[in-house]
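Line by line, the protein sequences give chains P and L.
Those letters in the first sequence? Residues 1 to 388, by the working numbering.
Those letters in the second sequence? Residues 1 to 169, by the working numbering.
For the record, the hints were derived by calculation from the structure and aren't laboratory data.
Just so you know, not all the hints are guaranteed correct.
Non-contacting residues of chain L with respect to chain P, defined by C-beta distances greater than 12 Å in every case (computed) [what the hints assert, rightly or not]:
id, residue
1, E9
2, V13
3, A30
4, W32
5, A34
6, N39
7, P53
8, Q82
9, S102
10, G104
11, I105
12, S111
13, V156
Now the in silico label distances, taken between C-beta atoms and shown as ranges [as the list claims (entries may be wrong)]:
id, chain 1, residue 1, chain 2, residue 2, range
14, P, Q67, L, L8, 23 to 31 Å
15, P, D169, L, S108, 54 to 62 Å
16, L, D25, P, A385, 36 to 44 Å
17, L, V156, P, G339, 47 to 55 Å
18, L, D157, P, R149, 45 to 53 Å
19, P, A54, L, Q11, 47 to 55 Å
20, L, T96, P, D97, 24 to 32 Å
21, L, T96, P, V301, 41 to 49 Å
22, P, V301, L, D157, 30 to 38 Å
23, L, E6, P, V301, 33 to 41 Å
24, P, T147, L, T96, 23 to 31 Å
Predicted, not measured: the structure shown is a model, and the values here were computed from it.
From the three backbone atoms N, C-alpha and C, an ideal C-beta is built for every residue, glycine too.
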Amino acid sequence: MSEIGDAGLSAYERLIGADRVSGRLYTDPAVFEREMQQIHHRGWMFVGHESEVADPGEFVTRRLGRQPVLLTRDDTGAVRLWSNRCPHRGATVCALDQGQTRFFRCPYHAWTFDNAGALVALPGEEGFGPTFDRDTHGLAPVPRMDTYRGFVFGSWSHEGQTLAEHLGDARDLIDRTCDVSPVGEISLRAGWLRHRIGANWKMAAENVCDFYHPPITHGSSGLMGGVPPDYFTDAHGGVTRDLGGGHGEVDYRHTQGGSQTGLGPHGFIFPNLFIEASSIFVIHPVSVGEMTHLQTPITWVGLSEEMQRPQSRRFAMAFGAAGVIEPDDAATWERMQLGLQAGEPEWVVLERGVQSDHTREGRALDEIVMRGFWRHYRSLMTDEAAAR
Amino acid sequence: MSDIEELLEQQRVEQFLFLEARLIDGRRFAEWEALWVENGIYWVPANGDDTDPRSQVSLIYDNRARMHNRVERYAGGKAISQQPPPRTVHLVSNVTIKPATSEGIVDSDVSLVVHSTVHIAESRPGVRVNWAGRVIHHLVERQAALQIVFKKVMLVDNDQELTTIDFLL
Numbered sequence: 001m002s003e004i005g006d007a008g009l010s011a012y013e014r015l016i017g018a019d020r021v022s023g024r025l026y027t028d029p030a031v032f033e034r035e036m037q038q039i040h041h042r043g044w045m046f047v048g049h050e051s052e053v054a055d056p057g058e059f060v061t062r063r064l065g066r067q068p069v070l071l072t073r074d075d076t077g078a079v080r081l082w083s084n085r086c087p088h089r090g091a092t093v094c095a096l097d098q099g100q101t102r103f104f105r106c107p108y109h110a111w112t113f114d115n116a117g118a119l120v121a122l123p124g125e126e127g128f129g130p131t132f133d134r135d136t137h138g139l140a141p142v143p144r145m146d147t148y149r150g151f152v153f154g155s156w157s158h159e160g161q162t163l164a165e166h167l168g169d170a171r172d173l174i175d176r177t178c179d180v181s182p183v184g185e186i187s188l189r190a191g192w193l194r195h196r197i198g199a200n201w202k203m204a205a206e207n208v209c210d211f212y213h214p215p216i217t218h219g220s221s222g223l224m225g226g227v228p229p230d231y232f233t234d235a236h237g238g239v240t241r242d243l244g245g246g247h248g249e250v251d252y253r254h255t256q257g258g259s260q261t262g263l264g265p266h267g268f269i270f271p272n273l274f275i276e277a278s279s280i281f282v283i284h285p286v287s288v289g290e291m292t293h294l295q296t297p298i299t300w301v302g303l304s305e306e307m308q309r310p311q312s313r314r315f316a317m318a319f320g321a322a323g324v325i326e327p328d329d330a331a332t333w334e335r336m337q338l339g340l341q342a343g344e345p346e347w348v349v350l351e352r353g354v355q356s357d358h359t360r361e362g363r364a365l366d367e368i369v370m371r372g373f374w375r376h377y378r379s380l381m382t383d384e385a386a387a388r
Numbered sequence: 001m002s003d004i005e006e007l008l009e010q011q012r013v014e015q016f017l018f019l020e021a022r023l024i025d026g027r028r029f030a031e032w033e034a035l036w037v038e039n040g041i042y043w044v045p046a047n048g049d050d051t052d053p054r055s056q057v058s059l060i061y062d063n064r065a066r067m068h069n070r071v072e073r074y075a076g077g078k079a080i081s082q083q084p085p086p087r088t089v090h091l092v093s094n095v096t097i098k099p100a101t102s103e104g105i106v107d108s109d110v111s112l113v114v115h116s117t118v119h120i121a122e123s124r125p126g127v128r129v130n131w132a133g134r135v136i137h138h139l140v141e142r143q144a145a146l147q148i149v150f151k152k153v154m155l156v157d158n159d160q161e162l163t164t165i166d167f168l169l
């Protein structure tokens, strides 16, 4: 089987149909390389939340696509996003997951940067000659950073859509998440569980709005007891909604009893953010057959302890590498990664509810959000302007 | 306590930890649950060993009800991640016993604090993982038998990305 990669953009037109996609998109390393170039190292991606660096000097390290980044709050209170890379010889300037500091010092030659990225000290500076300019040797900012209601996004591209354009109708998901709080604010300071899974990142992305699977995949979890027996059926009345731009949600607000899986919305913001009703998940691609799933519970500022506590309890039981929900998702995706090594049949089928795609809304179990994901994915993977 | 008494006590506690390991590896979950007192806590912290489990995420922070739910899922035959179940071998070592009072524990329900280390070999299809950690047990004497009040497993890599842990540590 030949590799697809960027050997002809038209290949993606053929591999991504209206109601089916080729299994090779999950298994071909060249596809993964092209995804990094066209999606993760180009467009907007969620990187963290302002509350994680609430105080001056606080920092967290993350990956944006495959690249290491450093999210800081400087001494003036501004949130900033840097390449975690010494501009001298390239070592990471910060080895910790999080902390608080005024200075980052490279371990190699002790080039030292303040938390606003400026090079403030280096040994033997005079040896670099009179023309050496500290100002051009500071930490490299990620080309674009922007925030929406505390959610921090970064892009490795100097140009392109604004964050507001990228979020589009998905801004509503963030608004509804924040507005559970009486003061409209969330906080993510409980730390992240980081789960390494032997499966392609798109399986986690597509799974977000797949309400066909929970009673089956998660039937053993004991957590289904809290929802009505028909909750994960079309009859209960929930709606899947394609929000455009690869984003989507499953909405139960208008059904009897409303959403019963958590306090906030349940939706996906392309390509890596899952707002899971009462928690935040981030999907980090690692290689074509590996991802890391990051998970943290939401704390709503000003929300009563009685409202908050059951959500924290549910998170503790369900998620992370040792939860009772997450391992079954991971095992399923790992089984898919194995099964898709079989080249026949060629297609993964996403037909459920395809007749209502023109309305952008489907029944609870329909695969409309997945089809919306792939439509957007195809437009990015075949974007020749970016491919040049 | 005389030297002989200390040796016997060391032997008794070690045998208790070995029994727990044997029950886990043998998937004898009901017997494992019976080792616990009613208000027991099973804790596997994440992102460090000395976090606050009420405000920070943990890999596992189970009361008895949650422990029961966990092992029921392991035993139930429905969980996809248990098809087939992971096989494990626990190696328990470096067992050190301390009187609860010497550790500053005032809970009268704790008689002994036991520090140990554990090395776990896990096998499931296509995957072999070695897990290791320091372990603290708080034990209580009930009708001449030991029971677990509190168990904390501090995995050496609990601040790293981890693969699925769908077995008892």
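Results of checking the hints against the structure:
1. E9: holds, 32 Å
2. V13: With a cut-off of 12 Å, V13(L) remains clear of chain P, as the shortest Cβ separation is near 26 Å.
3. A30: holds, 17 Å
4. W32: At about 16 Å from chain P, W32(L) clears the 12 Å cut-off, so the statement holds.
5. A34: Label holds. Min Cβ-Cβ 20 Å, cutoff 12 Å.
6. N39: The assertion about N39(L) holds, with a minimum of 16 Å to chain P.
7. P53: The claim is violated: P53(L) sits with its nearest Cβ about 8 Å from chain P, within 12 Å.
8. Q82: violated, 8 Å
9. S102: holds, 31 Å
10. G104: holds, 26 Å
11. I105: holds, 24 Å
12. S111: At about 28 Å from chain P, S111(L) clears the 12 Å cut-off, so the statement holds.
13. V156: V156(L) clear of chain P: closest Cβ-Cβ about 15 Å, beyond 12 Å.
14. Q67(P) with L8(L): 23 to 31 Å: violated, 59 Å
15. D169(P) with S108(L): 54 to 62 Å: About 59 Å separates the Cβ atoms of D169(P) and S108(L), which means 54 to 62 Å holds.
16. D25(L) with A385(P): 36 to 44 Å: violated, 58 Å
17. V156(L) with G339(P): 47 to 55 Å: Since the Cβ atoms of V156(L) and G339(P) sit about 34 Å apart, the hinted range of 47 to 55 Å is violated.
18. D157(L) with R149(P): 45 to 53 Å: violated, 34 Å
19. A54(P) with Q11(L): 47 to 55 Å: holds, 52 Å
20. T96(L) with D97(P): 24 to 32 Å: Given a distance of about 30 Å, which is inside 24 to 32 Å, the answer is holds.
21. T96(L) with V301(P): 41 to 49 Å: holds, 44 Å
22. V301(P) with D157(L): 30 to 38 Å: For V301(P) and D157(L) the Cβ distance comes to about 33 Å; the hint holds.
23. E6(L) with V301(P): 33 to 41 Å: At 54 Å between Cβs, range violated.
24. T147(P) with T96(L): 23 to 31 Å: Because 50 Å falls outside the window, the suggested range is violated.
In this structure, the earlier hints numbered 7, 8, 14, 16, 17, 18, 23 and 24 are contradicted, and the remaining ones agree with it.
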